[in-house]
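*Asks:* Using the sequences and the hints given, assemble the complete structure.
Under this note's numbering, the first residue of the sequence shown carries the number 143, and numbering increases by one thereafter.
Honestly, I wouldn't trust all of these hints.
[As the list claims (entries may be wrong)] Pairwise CB distance ranges (calculated):
no.: 1; residue 1: 179; residue 2: 150; range: 32 to 40 Å
no.: 2; residue 1: 185; residue 2: 161; range: 17 to 25 Å
no.: 3; residue 1: 147; residue 2: 172; range: 15 to 23 Å
no.: 4; residue 1: 181; residue 2: 150; range: 17 to 25 Å
no.: 5; residue 1: 145; residue 2: 165; range: 28 to 36 Å
The hints are simulated quantities; they were obtained by calculation from the structure and are not laboratory data. Glycine included, each C-beta is placed from N, C-alpha and C at the ideal position.
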Amino acid sequence: MNLLHTIWNSIGLTLNNETATIEIKWQLVSVILFVKLLVDYIRYVKVPRKHYKKG
143 MNLLHTIWNS
153 IGLTLNNETA
163 TIEIKWQLVS
173 VILFVKLLVD
183 YIRYVKVPRK
193 HYKKG
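*Replies:* Have a look at this one:
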C-alpha cells in the first residue's frame with residue numbers, strides 16, 4: 143500500500159493545478175475499482191457453476 147501512496151503523492155506534486163490532481167486521483171480510483179470488478183467477474187465465470195447451484 144505504500145507504493146500506491148507514493149504514486150498518489152507524486153501525482154499530487156507533479157501538477158500545480160489542484161482540480162486536475164483531484165480528477166486524476168479519481169480516475170486512478172475508478173480504474174482500480176474497475177480492475178477489481180473485472181477480476182471478481184473473471185473469478186466468478188471460471189468457477190464451475192455447480193458451486194453456485196447448491197441449496
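*Asks:* Hints first: check each against the structure and report whether it holds.
*Replies:* Each hint, compared with the structure:
1. 179 - 150: 32 to 40 Å: Given a distance of about 21 Å, which is not inside 32 to 40 Å, the answer is violated.
2. 185 - 161: 17 to 25 Å: 36 Å, violated
3. 147 - 172: 15 to 23 Å: 18 Å, holds
4. 181 - 150: 17 to 25 Å: Roughly 21 Å apart at Cβ, these two residues keep to the hinted range, so it holds.
5. 145 - 165: 28 to 36 Å: 21 Å, violated
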